[in-house]
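Asker: Residue numbers (the numbering used here), protein chains in the order written: chain A, 67 to 175; chain B, 9 to 124.
Worth flagging that the hints you see were computed from the coordinates, not collected in a lab.
Glycine included, each C-beta is placed from N, C-alpha and C at the ideal position.
Some hints could be false.
As the list claims (entries may be wrong) - Label pairs and their computed distance ranges (CB to CB):
hint : chain 1 : residue 1 : chain 2 : residue 2 : range
1    : A       : N78       : B       : C21       : 34 to 42 Å
2    : B       : P117      : A       : Y117      : 25 to 33 Å
3    : A       : D123      : B       : S26       : 39 to 47 Å
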Amino acid sequence: RKEVEQDPGPFNVPEGATVAFNCTYSNSASQSFFWYRQDCRKEPKLLMSVYSSGNEDGRFTAQLNRASQYISLLIRDSKLSDSATYLCVVGGGSYIPTFGRGTSLIVHP
Amino acid sequence: SAVISQKPSRDICQRGTSLTIQCQVDSQVTMMFWYRQQPGQSLTLIATANQGSEATYESGFVIDKFPISRPNLTFSTLTVSNMSPEDSSIYLCSVLPGLALTDTQYFGPGTRLTVL
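The task is simple: from the sequences and hints, build the whole structure.
Answerer: Structure follows, in structure tokens:
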């Protein structure tokens, strides 16, 4: 089983749609969780950290479920500019963060 | 946060040659990493660049093929040696500015390598 798993997609949605991505992780000792965004031919950039209580940043909501060992990212009112690959990242206190394969999102007019 | 630059941004190289990629950070950072990302794939960690000592390599990567230097807390190099077409990839430098592995990671813009 891979340490961090994501559905690669692509998710193809119209503008204005709500889309959700899930990411599962295998190491129950994981302590830090992030969502990164990677545009085509660009480096990954932090989208948001994921806290135990969940967190929201505008149209983006991230949640953590420790019992089931998954994190989620919800995007509301999708924009064309949201088209990108979304990488799930899981880290621990003693090991280097592990990246998921990424989920590709395509928002069309 | 940290601002990271990489040189070169891209290169096309002949099989059997070597390329050295430079990574410069605008501030002193505790940890620096080198990743590889092949087309359509996720990031694969090559090694952790340790300041003043030998790098720590991940499974499948060896020092003879990917020698790494880190002379100080703001600079590192990765060399891709005796290149083959399978080495064609994007190579990314990354840093953890803080002291904890739970901190946010920042990435350089990457070096796009094509080996003919």
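Asker: Next step is simple, just say for each hint if it's right about the structure.
Answerer: We went through each hint and held it up to the structure:
no. : hint                         : in the structure
1   : A/N78 to B/C21: 34 to 42 Å   : holds, 36 Å
2   : B/P117 to A/Y117: 25 to 33 Å : holds, 29 Å
3   : A/D123 to B/S26: 39 to 47 Å  : holds, 43 Å
When the structure is compared with the earlier hints, no violation turns up for any of them.
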